[in-house]
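> One letter stands for each residue in the lines below.
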Amino acid sequence: MVLGSSGSGKTTFLKLAKGLLAPGGGTISVLGAPMARPTGRDRLNPRVAYIPQQLGLVRNLSVIDNVLSGALSRVDSARSLFKLFPGGFVDEAHEALSALGIAHKAEEKVYALSGGERQRVAIARALMQQPRLILADEFISQLDPATSSDIMQIVRRIADRGVAIVQTTHEMEVVARYADHVVVLRNGEKVLDRSDSDVLADELAATIRG
Amino acid sequence: MQKWLPRSLVMLLFAALVISMANIGLLDLPRLGRGALNIGRFVGDLFPPDLSVLGAVTVAIVETLQIALVGTLLGFAMALPMALLATPFLFGPTITGAARTILAVVRTVPSLFWGILFVVAVGLGPAAGALGVALYSLGYLGKLLYEIFEGVDPEVLEAVRSVGCNRLQLARFAVLPEAANNLVAQLLFMFEYNVRASSIMGFVGAGGIGFYLLGYIQMLQYDRLLTALVATLVVVILIDRASARLRRMFLLPTSGGVGA
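The listed protein sequences correspond, in order, to chains P and S.
Take 1 as the starting number for the first sequence in this note's numbering and just add one per residue.
Take 211 as the starting number for the second sequence in this note's numbering and just add one per residue.
Hints in this document: simulated from the structure, not taken from any laboratory.
Not one of these hints is a red herring.
Examples of chain S residues toward chain P, derived with CB under 10 Å:
(1) 369
(2) 379
(3) 380
Listed below are the simulated EDC-like cross-link pairs for lysine to aspartate or glutamate, each with C-alpha atoms no more than 16 Å apart in a straight line:
(4) 15/P x 368/S
(5) 15/P x 42/P
(6) 15/P x 365/S
(7) 109/P x 65/P
(8) 105/P x 65/P
(9) 83/P x 65/P
Keep in mind it's a predicted model, so treat the numbers as computed, not measured.
By construction, the Cβ of each residue, glycine as well, lies at the ideal position given by its N, Cα and C atoms.
So that you can see chain S by itself, here it is in the shape it has in the complex (with noise of 0.2 Å):
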């Protein structure tokens, strides 16, 4: 193997990077220079945070967990029967690959673009953005789940296959307990990724402490973005810190085998 990249595809490299920057504009110095004017305009406007919007704020806040919540739990309500039927020793290779194209379909949308569907569905509002995390949430967390059933212990799977039960039985009574710390896991995980999710479904109309993020934005209203910008952020530090603490507890305890 070489050590190094041969000169020619450095300097092709840096050839594009270079033509790739003057198209996109990051060579344009005087625009930098304004830009650079602009971003610290900006960050004095954001001084000193406007905390009388604190209240409606918090609302936002707590409607955006209550759009995760159920979102996720939705989704994850829609993936565990879908995560069983892609699951190869379940089920035979049609039922699981398409199972598995409904998941990628479903996974290949962004959680927005779901927001946006659902707000012309059921309207404006955190009903379209559960809805749109639910969908998205189907799409990850199913993929997620049959990849933990799939990465079942087979000897365990074999022992109670051969009592002689059927596949529900057997995803009842092997995969499911076997799986279940992982599950929990993913799920608080999912919960997490989707708390953020939550907060930018306000920009599609779809609920949530997005809606004021943009407003503030659109009208300038710095101070009260940076209000709203830092209780988002300690909410969020809050939920992943709980959640990783949750998730190790329920990783760490049956870790171990099963042997002799």
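Bound conformation, chain P alone (with noise of 0.2 Å):
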């Protein structure tokens, strides 16, 4: 987990290394291979999915579709255009729809869910682009704890299937239960780095304070 106080860095980081943003200088290392410097029009790495803090749906889209959406590398382009996805794909987003807890919302359009079904529906995109990396920024801060606790534990699930999980988070409560490892930002440096999950709560504060 990424930890640091507001403008510390820790969207652009996300950004950076899902190749939204071009770093300043130096090379980016994702999943083991250097990152081609993006041009804001480039197709990106599907492996890599991230999550952004508002979650980025569309809301004019039903859940199905925008679930749907996650596997657009992986399908024909001309016939994803009519919507015209293989079935494996679809019985592919129903699954995943129904291991979220949500798969009797797949044909309400987005705009119509609470604020924890969104979440849901955003980590089904992202587990249809088949990642070996999620990245989700702040997307539980907005959560009621209860949802918030389901929403973790969903995510505890699949890091415990192999996909690894960079997510920004402000929540020390988060932080102690849920993270494998912790980075605390500061004006853009990494100022912690530890992989021990008893880090003292008092001592991130001190740290992300400066």
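Dock chain one against chain two, each of which comes alone in its own frame, and use the hints as you go.
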């Protein structure tokens, strides 16, 4: 998990790792391979999923179409423009929604969903990318504690299946319960990097403040 | 900031106003007097409206609506791909620059001029009018649409781009659905505008009610002119209201954010 106060560079870090921003200098390696310098219009690596803070769901599309859009890199481009996804992909999307407990909302438009349901749709879309790494930007920060806990249990299960998850957060409780590795950023610099799970909350808070 | 304009500037503006009015004949009081009398006669001749032309006028208004409908939809069909080509996050500066230049050139030419051009090309009648309206709609809608596309939430674009899709898929799964409501609203607005534009296409022989309006003016049949004008006005107001109501329907339901 990546921590830091507002403006410390957490979102920039995730966008650099996803290739949405170009670094000012140096090179970035993700999943063991150096990244090409992004141009702003090139295709991005689908094995690295990115969930932005506001989730980036398409509100006028149904839940199932949002989830299927996660598979766009794997389907024939011309057919996908007519939403003609092979049956296997549709089954896979429904399975992802079932696993996340919102299969019954598959045909609803995203704008009609609650915050927790949207979170699940964003996760399902990310899973359709068959990711090896998921970058999640403070995506539970606006949820109530119970829903937040449900979502983190789901994230934990995904991580247990071997998908690396880099998540930014402000919440010490979440860090204490779920983090395997904690990095603290301050003014764009890494000021703490610990892989033990028992970093004390007081120590973290002090490091974040500087 | 000064609260009042300097006196010299006020004097200068006043002098420019007087000279301009004199040059265009607005200080020719005898002429203005005759004009007022003519207006009085004209208004007198409008009444009572001659309802015997209502049948022909109704047919011409239907034709006007058909010109507007076909012109708007043809224009939209051309404007949509052009607007996508003019959107910077989908295409590079060479393509977007070329697309925007074409749209600007097409937009600069008034719809009536396009009507004249198509009368020359395909002959007198509503086909020329519809093509003229279509071309004007291309220029106007093209600009409105690429501005809508540019306003799509960047976070949604980033999220969909990050799945590894290509530009066409990004347009299909993020840009068009996110912009859909605005897009329909602008299409309805363009139709409203084109109903008014189509009603004067007949002035240049490009079909619709304009042919009758001009004919009644030239033959001094003002009682018939009133019938045609009132009928046109009623239809335009009805379409404006229906369109405004539809646009509200499309703009309201999904105006909220998608954040948690």
